[in-house]
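**Student:** Here's the letter readout for the chains.
There are 2 protein chains.
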Amino acid sequence: MRPEAELLCTGSELVSSKVNLYSPLFAARLLGLGVTLRGERSLRDDLPLITRSIREAMASCPLVITCGGLGPTFDDLTRRAAARALGLRLVSSPDCAAELRRRYSLEKLPPNMADQAVVLEGARTISNRNGTAFGQVIRRGRRMLVLLPGPLREWEPMFGDGLAREISSFFGLKSGTVLSARLKAAGLKEVQAERLVRPVLRSFAGTDFTILAGADEVEFSFTVRGRTPALAERRLAAVKKAARRALGGAVYSETGEGRHQALGRLLKDRGATLALAESCTGGLASKLMTDEAGSSDFFLGGVTSYSNAAKVRLLGVSPALVRRRGAVSAECAAAMARGARRAFGSDYAGAVTGIAGPAGGTPEKPVGTVFFGICGPRGVSSHKASFRGTRDFIRLSSANRLFDLLGKIIE
Amino acid sequence: MRPEAELLCTGSELVSSKVNLYSPLFAARLLGLGVTLRGERSLRDDLPLITRSIREAMASCPLVITCGGLGPTFDDLTRRAAARALGLRLVSSPDCAAELRRRYSLEKLPPNMADQAVVLEGARTISNRNGTAFGQVIRRGRRMLVLLPGPLREWEPMFGDGLAREISSFFGLKSGTVLSARLKAAGLKEVQAERLVRPVLRSFAGTDFTILAGADEVEFSFTVRGRTPALAERRLAAVKKAARRALGGAVYSETGEGRHQALGRLLKDRGATLALAESCTGGLASKLMTDEAGSSDFFLGGVTSYSNAAKVRLLGVSPALVRRRGAVSAECAAAMARGARRAFGSDYAGAVTGIAGPAGGTPEKPVGTVFFGICGPRGVSSHKASFRGTRDFIRLSSANRLFDLLGKIIE
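These protein sequences, in sequence, are chains A and B.
Mind the numbering: the first sequence is residues 929 to 1339 in our numbering, read in order.
Mind the numbering: the second sequence is residues 929 to 1339 in our numbering, read in order.
One should not assume that every hint holds.
Restricting the straight-line Cα-Cα distance to at most 25 Å, the calculated cross-link-like pairs of lysine to any residue (SDA-like) are [what the hints assert, rightly or not]: (1) Lys946/B with Glu941/A; (2) Lys1168/B with Glu941/A; (3) Lys1117/B with Phe1137/A; (4) Lys1117/A with Thr1318/B; (5) Lys1196/B with Thr1318/A; (6) Lys1036/B with Arg1172/A; (7) Lys1168/B with His1311/A; (8) Lys946/A with Ala1178/B; (9) Lys1196/A with Lys1102/B; (10) Lys946/A with Leu1175/B; (11) Lys1168/A with Ser940/B; (12) Lys1336/B with Gly1115/A; (13) Lys1196/A with Arg1241/B; (14) Lys946/B with Phe1137/A; (15) Lys1169/A with Ser945/B; (16) Lys1117/A with Arg1241/B; (17) Lys946/A with Asp1320/B; (18) Lys1102/B with Leu1175/B; (19) Lys1036/B with Ser988/A; (20) Lys1312/B with Ala1221/A; (21) Lys946/B with Leu1175/A; (22) Lys1168/B with Glu941/B; (23) Lys946/B with Lys1196/A; (24) Lys946/A with Lys1312/B.
Computed list of chain B residues with no C-beta within reach of chain A, every gap over 10 Å [to be verified]: (25) Phe1099; (26) Ser1103; (27) Gly1186; (28) Tyr1234; (29) Val1308.
Since the hints were derived computationally from the structure, they do not count as laboratory data.
Each residue gets a CB set at the ideal place from its N, CA and C atoms; glycine is no exception.
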């Protein structure tokens, strides 16, 4: 039996208006157990459709996981659909009812909550730390059906609370024999990254890897298998080392953190402070630096100088320099960084000015041309990059590159 | 035959690493024709899986659309899967081959491109303005299968190039008899919005509506049906008017634009300029104001004053005020706005300071407490709001509220 799973997400909003973010999250969770997610369905709140989909998925896939539709309201249909698909009754579980009474200190459950104690006959239930819907696991011969609640904060802890163990034992997978890791590498395009890493990985049979392209960066995910946990560990370490060598210093994270987070960590470690001056990124770099709570420890602030007058008045860039070199120039970027460091009194300052497009390019400075200024206790430097893509992509690539340049100076 | 469709998206990356954005896009396209998208599947590049999925979907749904997997590389499997699922042969189309030769001015197609002329026997093809893969439409009795290429810029124009007409005629839907509209309303929560609008819509039988919650705003989508286009138009106008009345002035857009876009449009219309001073939003409001190209016409810049010193040095807020009232106060917000207007020399300025969390709240100023300062030619005002949610949600809600307050002053 191949360790494969299908995911069924229910909720009309997933089909018509919201983007469904769950497939990669479940895929990563399952991959960590050695199970491949082979497909995902998003389904409207439609009882016959959900019933048929559960039946179809279970006909061909050993593990089927549903997500959503376990609440007490009229459009929460998953329990009824699963009961129909499997020909099982829904019964009120005294254990679940008792747990809900205990948790909410109630003598008697109100009708809404009593509904939450209704489960598929014979299901093993998983408690929900952050809600009232129980997870449910049903085994039918060589098939397993798992019902999970929709919100991430409700289903995610259930993996740790027994579900991961149950899936591993269902497939006979020894825990720790499938391991995965990820590396994020800065300044690379997908094709470059693939060209560097694929030949190296050929020598490690049974290693899966995927490359996800980002803005001025790529993320690799590796999965290795070993007969024992120790062998898997050793193989993972070897693969990581080989990939790092192939990428020659571009790797900046093994935890999935972004470059703004890596820079924030570095600043915190050094007890150093940062200020920013932004033109084409329009505040995006400051926004990213303040995404995490606690960033006021190292981030003093920034100036979005979207007009030439702002560059002159707030950052002290000389009007003559702007006139002679233009606002999009290495000289202006350097002057902006110097001005930001002075204005905020920070240890380090970074500046970015460029042409994010789609209009505004010239033959000498086409769309995607971006200059960076980096200023620290030892002086100021400037850098240039050329990005290709949409306005959003160029702006995010610019912010990421700025963080990278700052990190290199601070280290 | 109910006008319903299912979407099948192929590509291993959609299951394991990328978020699939297509379901809402297709749902909107189809809804405009009067067709409901009832479910979407994302499938790994696995021939038996894709074959089975096409077969399953066609067994129960009149219209099945596949997206992706039409390229010439080894993991592009959709044509083969469709041929297997329907028991049809794949044949080389002389017309398609001729079109490719003509378009790329080739005497003879290279093998890769010759593969692109291979289609399902009996398929009607749709030319691809932005790529080499043809769209294909196959009718089998009361079922229709449509194969589309994966990239948005390739499949999207195909709707206008005949596909929309073909789907309408397949379902016998008269064009213009199903209409939809959307309204965005500021400052409302999902439950409030539903309470206001649902009773009103009861009197319009056959009107579907969905509510999508955003940050300090909601978006309504309405769909109405009429026997003739004129009746549908009249009904849509009546529904919109009734909903607008129920929402009492909260509606700010009928086009789906965001509040930063509405504010940008307003500033452009008035020939007025704006500057921002941000604390808890950390640059997000400036980033949003510069999302659109051309924003330098009205946006002069902003200061992210993430430290008290920055508020004093760059915005001229008095140290005594910060000491007495705190950086999170109505007085500080007003002083920040005044300082930003002076520093940038803009017509209007907006400021925001608050507690985005998750830490930093106090009993008097819990997480989510946010103050706004608005400064214009007629003076300065301050405002307060309380948001509940994650750090990201509080920050985006704060930026949206700031845009709203600015818009009200400028109007």
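**Student:** Hint by hint, note whether the structure agrees.
**Tutor:** Outcome of the hint check:
1. Taking the CA atoms of Lys946/B and Glu941/A, the gap is about 19 Å. The hint holds against a cut of 25 Å.
2. For the proposed pair Lys1168/B and Glu941/A, the alpha carbon gap of about 21 Å is at most 25 Å, so the pair holds.
3. A C-alpha spacing of about 43 Å is found between Lys1117/B and Phe1137/A, which places the hinted pair above 25 Å, so the restraint is violated.
4. Taken as a hint, the Lys1117/A and Thr1318/B pair is broken in the structure, with Cα atoms around 33 Å apart against an allowance of 25 Å.
5. Straight-line distance between C-alpha atoms of Lys1196/B and Thr1318/A comes to about 23 Å, which keeps the hinted pair within the 25 Å bound.
6. Between Lys1036/B and Arg1172/A, the direct Cα distance comes to roughly 44 Å. Violation of the 25 Å bound is thereby established for this hinted pair.
7. A threshold of 25 Å between alpha carbons decides the hint, and for Lys1168/B with His1311/A the separation of about 53 Å lies outside it, so the pair is violated.
8. Our distance criterion of 25 Å between C-alpha atoms is met by Lys946/A and Ala1178/B, whose separation comes to about 22 Å.
9. For the proposed pair Lys1196/A and Lys1102/B, the alpha carbon gap of about 63 Å is over 25 Å, so the pair is violated.
10. Distance hint between Lys946/A and Leu1175/B is fulfilled; the C-alpha atoms sit about 23 Å from each other, no more than 25 Å.
11. With a C-alpha separation of about 23 Å, the suggested pairing of Lys1168/A with Ser940/B holds against the 25 Å cut-off.
12. Note on Lys1336/B and Gly1115/A: the hinted pairing is violated, with a Cα-Cα distance of about 43 Å set against a maximum of 25 Å.
13. At most 25 Å may separate the alpha-carbon atoms for a hinted pair to count; Lys1196/A and Arg1241/B meet this at roughly 23 Å.
14. For the hint pairing Lys946/B with Phe1137/A, the CA-to-CA distance comes to about 14 Å; that is within 25 Å, so the pair holds.
15. Our distance criterion of 25 Å between C-alpha atoms is met by Lys1169/A and Ser945/B, whose separation comes to about 23 Å.
16. Between Lys1117/A and Arg1241/B, the direct Cα distance comes to roughly 41 Å. Violation of the 25 Å bound is thereby established for this hinted pair.
17. Taking the CA atoms of Lys946/A and Asp1320/B, the gap is near 17 Å; set against the 25 Å cutoff, the hint holds.
18. Restraint check: the Cα-Cα separation between Lys1102/B and Leu1175/B comes to about 32 Å, which exceeds 25 Å; the hinted pair is violated.
19. With a CA separation close to 44 Å, the supplied pair Lys1036/B and Ser988/A exceeds the 25 Å bound.
20. With a C-alpha separation of about 22 Å, the suggested pairing of Lys1312/B with Ala1221/A holds against the 25 Å cut-off.
21. For the suggested pair Lys946/B and Leu1175/A, the alpha carbons sit about 23 Å apart, so the restraint of at most 25 Å is met.
22. Taking the CA atoms of Lys1168/B and Glu941/B, the gap is about 40 Å. The hint is violated against a cut of 25 Å.
23. The hinted pair formed by Lys946/B and Lys1196/A fails the criterion: a straight-line CA distance of about 32 Å is larger than 25 Å.
24. Taken as a hint, the Lys946/A and Lys1312/B pair is broken in the structure, with Cα atoms around 30 Å apart against an allowance of 25 Å.
25. Non-interface call for Phe1099/B relative to chain A: holds, since the shortest CB-CB distance, roughly 18 Å, exceeds 10 Å.
26. No Cβ of chain A comes within 10 Å of the Cβ of Ser1103/B; the nearest lies about 21 Å off, and the non-interface call holds.
27. With a cut of 10 Å on Cβ distances, Gly1186/B stays outside the contact zone with chain A, its closest approach being about 14 Å.
28. With a least CB separation of 4 Å from chain A, Tyr1234/B falls inside the 10 Å interface cut-off, contrary to its annotation.
29. Against the 10 Å criterion, Val1308/B stays outside the reach of chain A, whose nearest CB is about 20 Å from its own CB.
Violated hints, listed in ascending order, are 3, 4, 6, 7, 9, 12, 16, 18, 19, 22, 23, 24, 28; each of the other numbered hints is respected by the structure.
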